[in-house]
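Visitor: Given next are the chains, with one letter for each unit.
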Amino acid sequence: AQSVAQPEDQVNVAEGNPLTVKCTYSVSGNPYLFWYVQYPNRGLQFLLKYITGDNLVKGSYGFEAEFNKSQTSFHLKKPSALVSDSALYFCAVRADTGRRALTFGSGTRLQVQP
Amino acid sequence: DSGVTQTPKHLITATGQRVTLRCSPRSGDLSVYWYQQSLDQGLQFLIHYYNGEERAKGNILERFSAQQFPDLHSELNLSSLELGDSALYFCASRLIGSGGNEQFFGPGTRLTVL
Chain A
191 AQSVAQPEDQ
201 VNVAEGNPLT
211 VKCTYSVSGN
221 PYLFWYVQYP
231 NRGLQFLLKY
241 ITGDNLVKGS
251 YGFEAEFNKS
261 QTSFHLKKPS
271 ALVSDSALYF
281 CAVRADTGRR
291 ALTFGSGTRL
301 QVQP
Chain B
2 DSGVTQTPKH
12 LITATGQRVT
22 LRCSPRSGDL
32 SVYWYQQSLD
42 QGLQFLIHYY
52 NGEERAKGNI
62 LERFSAQQFP
72 DLHSELNLSS
82 LELGDSALYF
92 CASRLIGSGG
102 NEQFFGPGTR
112 LTVL
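Order-wise, the sequence lines are chains A and B. Using the working numbering, the first residue of the first sequence is number 191, and each one after it goes up by one. Using the working numbering, the first residue of the second sequence is number 2, and each one after it goes up by one.
The following block holds chain A by itself, in its conformation from the complex (with noise of 0.2 Å):
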């Protein structure tokens, strides 16, 4: 079975400073990872996904992630916060093999204030 841990429901960052939002995996086999950001009212977005390769994977809107192995976690990062970040935000985990779909994290609030 796989699983993602998102520990904060929510996350407070005044714009400008750099944001982290944090996730933890658990899968069998090597981990195919993936942040999501859905806004009010609308679909979930993709941002941006380790498969393989280097550790740190950079995204969309200036966001980036790091991949720890040993940490088993693929925390969501951007150095400079907007107030359009706001939004709820989501890792997923699949494995290499087998089950194509994504286990999904319980989603983190992200709130950006001016």
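Keep in mind that the hints were calculated from the coordinates and are not lab data. Quick caveat: nothing in here was measured; it's all calculated off a predicted structure. Since no wrong hints were added, every one of them can be taken at face value.
Quick partial rundown of chain A residues pointing at chain B, CB under 7 Å, derived from the structure:
(1) Gly233
(2) Leu234
(3) Phe236
(4) Arg289
(5) Ser296
Cβ coordinates follow ideal geometry from the N, Cα and C atoms, glycine included.
Let chain A serve as the given structure and place chain B on it in line with the hints.
Guide: For chain B alone, coordinates are given in the frame of chain A:
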């Protein structure tokens, strides 16, 4: 815009009724996934179709069923509806080939069961 379309956007119905949700994947994507998003269960995988064939089942109730048609659109049928079925239902499509390809999500159908 992800290129995945879902209809209708909103659906209000009564307990015991049956509804059909429709999804059109991105052009060229053969895989369609259905997910349910609710406040208490979070985002859960329901079912996966690939080129017309069922590939995997997740937490899908026996009252729910799905199909993927030759033109690759998919329908999710929900019957004997209960209050607890009220949720956002998303479909997602994925390009075949690399298992690491991300899923692209539609805007969702919000189902309210009264």
